[in-house]
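Enquirer: Okay, here's what each chain looks like letter by letter:
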Amino acid sequence: MQKFISQQNLNTLLDKLIAEGKRVVAPRMNAGTVLYEPLTAAAELVTDQLPRRSGKEAFFPLCEDIMSYRKEGQQVTLTDIDPARFPETVLVGVRPCDAAAIPVLDAVFSWDYKDEFFLERRRKTTIVGLACTQADDACFCSAVGLSPGEPKGADLFLTPVEGGGYSCETHSDKGEALINNHKDLFAETNGEKALPLAQPQTEAFDLQKVKAWLDEHFENPAWDSIATRCVGCGACAFVCPACHCFDIVDEGTEKSGKRRKNWDACGFWKFTHHASGHNPRDQQPKRYRNRIMHKFKYYDDKFGQTLCTGCGRCIRLCPVGIDIAGIIQEIEKQVKVKVE
Amino acid sequence: MTQPIDTSIYAAVTEAIRSEAKRILSEGQVSAIVGYAVARRKGSAQPIVISDAADVSKLIFTPACVNNLSVYLTKAKKEIPKNGKIGIVVKGCDLKALVGLMGESQLKREDLFLIGVPCAGVLGSVLQPDTELTSDTIASKCRECGERLPQGCDFVPSVTLPATPEQEQIYAAEIARLEALTPAERWAYWKEQFSKCIKCYACRQVCPFCFCEQCLCDRNKPQMVETTPRPAGNFAWHVIRAMHLAGRCAGCAECERVCPMDIPLNLLNRKMAKELKELYDYEAGFEVNDKGPLASYDDKDDQSFIK
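Protein chains in written order, with our numbering: chain G, 1 to 340; chain D, 1001 to 1307.
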């Protein structure tokens, strides 16, 4: 289904959804930083900046309680979190790089163990994507097979048009339902011309060749030159739309507390630290190698696609300038050298 | 009003760094040099460790050379070999961190070859590294910098530092603003800022003084600080860090620069520095002190807190 919605009607739609009690999560300013967060009013929506963190947290929050415990005398009570309490959500203004990561996460969270927290939120969420009209030289969605106009992952995809407003294209029943439930706010399309989309400059990677090199080079001096300077923080993983590792911690007192699921990152030394004291990834380059391997080999081995959507956040935010797109280009060069 | 910052000396500084690096590497004076190199994005720079004189042409100095490289010389960064003498490119602010590390017996002066950089300032943020250095884009720390020429180095390129325009002192102004608030208002301010913390620990990982073998906040037997990125744990983490750095922080502001959530962490450190200046007339500098102000006692120390 193709429709048109004006900016004013989009705002009206969001305000109506909020009034209906839905959680409307969209890019908004929080203490100077744009983040995907629940809106209290449509006027808070920010459409001209890529949020600092990705949209994954609408399904996979930074931190969530998964159980609570209470001990009174000899009586221990465990209380599950009922996923039924998760609110109906509309995730709005999701960039193609963030939206495309959501099916990538779906595969992981519904593979052998069905993560009910993720899946219930996912079931209750409608995703409204937004095409990109701006890119910088850290953006590389087009290098990993996506594009600034790619609707993958979105239920409804908006493309800004000349003169304001958006052309809307549905990509699922959820997207159609959103339009059908608010028909008066959408108009028929009338030959609106899309604004010129962003043009990321990074050339397309040959992901098969990159993977073939990774298949053969677990041990290679290149890892040292790539990541000796990695300082071992979790910034890259935490701003990534596709990274999905988490840790389970119990926090509280002996009387009561919570079991929580928190984001984790393979860059942390503690990530593979065994209770015995042994750490198989005992140096930072081995930890960073895992980041590349997981994104461009392991995930592909298991699910047949790449665990990177080219948003460029890790490039912009790495404290020491580690550039994943540059690394993949270097690997491609190695492949070429080998072939020649 | 936006004023340009004259960085025309950086080309000559780059040339001088390269020739000195070539000399000390080929003469075998150092085993490696930690410096800055060009990166892929336009205008960007990244830390690099070179050990071959043939690689000196990779070294640069530009307004995007924001990192405090001294973090790589600490015992926390085991990947950088610490064999023999190591060369390091330092700005004045970075040198203060090295001096602090020497005072804490983490480094020995004789194991270092210091290549000091006459510095007119660096960018406050390298999210978009291809940014001209102006009075708007310069790092807040550079606005208050009194140490544009590092002292006591083994080599400093001989260039004439350009005059820098008088600039608004952002930290001083912001600290004054926060001090004027009521405790409840200040609490609200930090609560909002810390609500953004994601516990990525980038602030800790880039800090030259966060060299603990195991950070208190990484312990779980017993757990000392809530590790979860929630208000209580976030508050505990940032306040513990500020306190642990009091009297040690050299003011490089790397914690603030690297915070992916834009939390103004250096305000905490500047406030601590201000208190130490007032209480003990102490500030980070180029003189190695065996004992920092909070690691020593003097009967002239302020005792007004004893009531």
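Hint data in this document are derived by calculation from the structure and do not stem from the laboratory.
A hint or two may mislead.
As a list, the in silico DSS-like pairs of lysine-lysine whose alpha-carbon atoms are at most 27 angstroms apart [unchecked claim]: (1) D:1078 - D:1042; (2) G:258 - D:1078; (3) G:333 - D:1058; (4) G:333 - D:1300; (5) D:1300 - D:1274; (6) G:333 - G:211; (7) D:1271 - G:22; (8) D:1058 - G:270; (9) G:286 - D:1291; (10) G:286 - D:1274; (11) D:1274 - G:270; (12) D:1271 - D:1291; (13) G:193 - G:209; (14) G:286 - D:1277; (15) G:22 - G:114; (16) G:270 - D:1022; (17) D:1082 - G:270; (18) G:258 - D:1191; (19) G:258 - D:1300; (20) D:1077 - G:286; (21) G:3 - G:22.
Model, not experiment: these values are computed from the prediction.
Enquirer: Any of the earlier hints contradicted here, and which numbers?
Expert: 1, 2, 4, 7, 8, 9, 10, 11, 13, 14, 16 and 19
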